[in-house]
Amino acid sequence: MFELRKVEKRFPGVHALKGIDFKIGRGEIVGLVGENGAGKSTLMKVIYGAYQHDGGEVLVDGKPVRFHSPREAMDRGVGMVFQEQSLIPNLTVMENVFLGYEKQFVRFGKIDWKRMAEATRHQLEKVKLAIDPATVTSKLSFAQRQLVELAKVLTLEERVDGNLVILLDEPTSVLAKEEIELLFTLMRDLRKRASFIFVSHRLDEVIELSDRIYVMKDGAVVDAVESGKAEVEAIQRKMVGRDINREYYREEKQRPYDEGKVLLELDAISLPGRYKDISLKLHAGEVLCLVGVEGAGREAILRTVFGLLAPQTGKMSIHGSPAGAVSASQRVAHGIGYVPRERKIEGIVSGMSVFENMTLSQMDKYTRAGVLDIAAERKLARDWIKRLSIKASSENADCGNLSGGNQQKVVLAKWRSGGSDIILLDHPTRGLDIGAKEDVYDMVREMSAAGVGVVLVADTLEEAIGLSHTIAVVKDGEIKKWYNCPPGAKPSLYDLIHYMI
Amino acid sequence: MTLDRLKQHFPWVTLVVLILIVGAMDPNFLRPQNLVELAGDIAPLFIMALGMTLAIYIGGIDLSAQSVANMTTVLATITLPLFGVFSALVVIAVGFLFGAVSGLVTTRLKVPSFIATLAVGGIALSVGQFASGQRALYMDAGQRDRAFGWMLGSTAGIPHELVLSLVLLAFAWFIQNRMKAGRILKAVGAGELAAVASGLRVDRYKILAFALSGMFAAIAGLLFSVKLSGGSPTLAEGFLLPAIVAVLVGGTPLTGGVGGVLNTLIGAMIVAVVRASMLYLDIPATSQQIFFGIVLIVAIALTIDRSKMRIVK
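Residue numbers (my numbering), protein chains in the order written: chain S, 1 to 501; chain Z, 1 to 313.
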């Protein structure tokens with residue numbers, strides 16, 4: 001009933017969707033998996049009307065349609081439950097549920113709140129959530145908000161005739177086990193009326209729930225697996241394009257770190273609401289990985305080390321001496337480098353050249369009496385372009401026009417060329433293709449060999465396990481468990497998840 | 001991509017086309033002497049626009065420029081008998097200080113620059129009114145010529161005002177393209193968060209940008225008061241809009257990060273030609289602001305980088 005045929009989507013410099021064929025029947029649950037950057041989000045945006053496809057066809061009940069906005073898609077029964085929650089926190093539950101659709105409750109220009117509350121209660125019953133519709137949304141728990149999102153989309157049941165298609169983007173990533181089961185039961189019950197497109201990183205869940213699983217890689221659907229034949233390993237291989245093995249994460253290059261040399265020490269630092277009682281030691285040549293769910297406090301710890309956040313209590317020392325003032329420039333001066341998650345926003349300055357980006361953190365070395373030695377800057381950039389084989393037309397190329405992998409290399413070159421020996425990597429492989437990821441893994445190993453300490457927040461658990469010497473599992477802002485990860489004796493995914501949730 | 005490339009060349013193409021159009025209406029307009037004089041006449045406005053460029057280059061704006069220039073005309077007239085040529089240093093320092101205050105309010109108190117500079121401009125205006133006693137003041141011609149006579153007149157047909165403008169342009173260009181400060185201003189305009197995450201002390205340089213803007217506004221005010229041999233708290237009225245227009249039509253968008261002071265030179269000349277053409281078309285001076293208002297809206301709409309401004313309020 002809902003079908004995509006040879007759908008194409010291009011952005012400047014990116015071919016995001018390549019000839020996507022995708023089908024969902026009445027009452028089906030369809031899984032959609034792929035690595036970050038494989039094109040899942042773009043595909044979903046085309047489906048729910050946030051993007052328009054620029055090739056191929058989208059068919060509803062066999063008729064071609066083109067959604068110009070999410071609202072148009074909703075009018076045809078296609079709704080999205082967002083992962084990064086779309087509810088407005090300072091509105092009540094009922095205001096959120098009927099946001100943009102209040103007209104039905106308006107009488108003489110005034111909203112009839114009683115009727116709206118009644119209608120909301122009816123929606124909440126569908127998701128078995130017993131809360132007062134007048135509750136302010138920010139007071140709800142994360143899981144409750146997720147259910148309200150679902151209830152909001154389910155208002156389509158009354159509004160639209162015919163079948164619904166509901167997209168769920170990583171709905172389980174922050175839910176506890178019982179909550180996940182509740183959600184799955186709900187989905188199964190709702191199949192009478194709705195089909196679901198279920199996006200998740202957790203392959204076992206996808207396999208358990210879906211009738212069919214679409215596997216995406218590099219903007220194309222590489223396989224559609226019927227649920228009976230689905231196996232975690234086979235799907236994983238298709239997502240990555242080849243066997244994920246120890247070689248992929250360069251495990252054979254993992255060497256023991258120098259236990260005698262502590263680069264960074266956190267001693268019971270706390271910041272209420274973000275993290276609590278965090279103690280750790282980072283040694284020369286060590287890759288220390290913080291593992292946890294979204295919002296567990298990993299980023300806040302990184303940002304604290306980099307001087308963008310101030311801990312309320314606790315001590316921090318760098319190279320054996322107290323960390324001093326809370327400011328990024330002070331930390332940079334002490335040899336800390338930060339590779340942020342939002343590469344295009346915080347990592348590189350797009351609109352500035354490769355050499356300008358590389359010296360951004362170390363301009364003082366190239367400045368005399370306030371005047372820049374641009375020739376020397378260029379030379380540095382040329383050296384590092386060669387050393388990391390960065391694909392750029394020259395050191396003068398606009399960094400914003402490079403591919404994601406090359407941008408990330410520029411960011412790493414910025415810190416490595418400046419001599420930073422404590423490097424914080426926040427999702428360093430996010431949105432990169434396989435080849436670029438492997439380049440990053442190689443660079444991580446090189447840094448270790450050069451005695452650099454790395455604090456890593458990885459994009460996936462596999463990556464965290466593969467790359468790290470040490471893993472700290474962070475939950476609700478606290479370190480719950482430590483693992484040593486020598487090559488060949490690494491903890492499993494399930495060991496970690498157990499402490500994460 | 002191609003559209004973006006074309007956009008870069010848009011300012012000077014506009015300038016050439018405008019000159020040719022006006023030249024077709026009156027061939028005398030194209031005489032080199034006339035064009036040089038035209039450029040000289042716009043000097044105070046151009047100098048103010050130079051400062052404005054720095055504020056816009058970082059993605060901010062300086063709405064206090066005109067009021068600072070107004071205040072400067074008064075202060076220059078008052079301090080001239082006391083300090084002679086050194087009164088220039090006094091008023092330039094005051095302009096720098098007012099700009100720095102705008103910068104401090106913007107960075108420390110997190111007040112958006114358009115409102116911070118509007119408020120500081122209000123203060124500058126009042127200082128001007130208070131110091132002048134709400135009257136127009138006049139410079140003593142002898143004192144003025146001894147101290148600042150060199151600003152006026154011309155050598156070999158080149159007005160000194162034009163020379164002064166170009167010297168200031170070279171100074172601003174050097175800061176922008178050759179100094180660490182300029183590089184940081186560019187980074188702030190193009191990607192402030194990345195600049196912060198590179199450990200740059202972004203706030204200091206933002207304050208510097210506003211301070212320099214105030215300083216250039218003061219120099220513009222000084223030149224204007226020397227030219228008119230006096231000062232009054234409303235002398236530079238009507239400068240602000242054309243100065244912003246000059247920056248934006250020159251190709252420095254409101255979102256910052258690209259363009260720069262050379263672009264503003266082109267922009268200021270476009271403004272000069274448009275003004276001159278209005279004389280030929282018999283459009284009264286009082287209606288000029290209507291035109292500049294419209295050009296401003298069009299220029300912003302065409303040049304603003306929407307990816308940096310998802311939400312506009």
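Bear in mind the hints are in silico, worked out from the structure with no lab data behind them. Be aware that a few hints might be false.
Stated by the list, open to error - Ranges of calculated distance between the beta carbons of each label pair, as one might list FRET restraints:
| hint | chain 1 | residue 1 | chain 2 | residue 2 | range |
| --- | --- | --- | --- | --- | --- |
| 1 | Z | 111 | S | 371 | 27 to 37 Å |
| 2 | S | 345 | Z | 203 | 11 to 21 Å |
| 3 | S | 279 | Z | 126 | 48 to 58 Å |
| 4 | Z | 111 | S | 142 | 27 to 37 Å |
| 5 | S | 8 | Z | 237 | 38 to 48 Å |
| 6 | S | 136 | Z | 283 | 53 to 63 Å |
| 7 | Z | 8 | S | 178 | 55 to 65 Å |
In this text, a Cβ means the ideal position worked out from N, Cα and C, and glycines have one as well.
> Which of the listed hints are not met by the structure?
Replying inline: Number 5 only.
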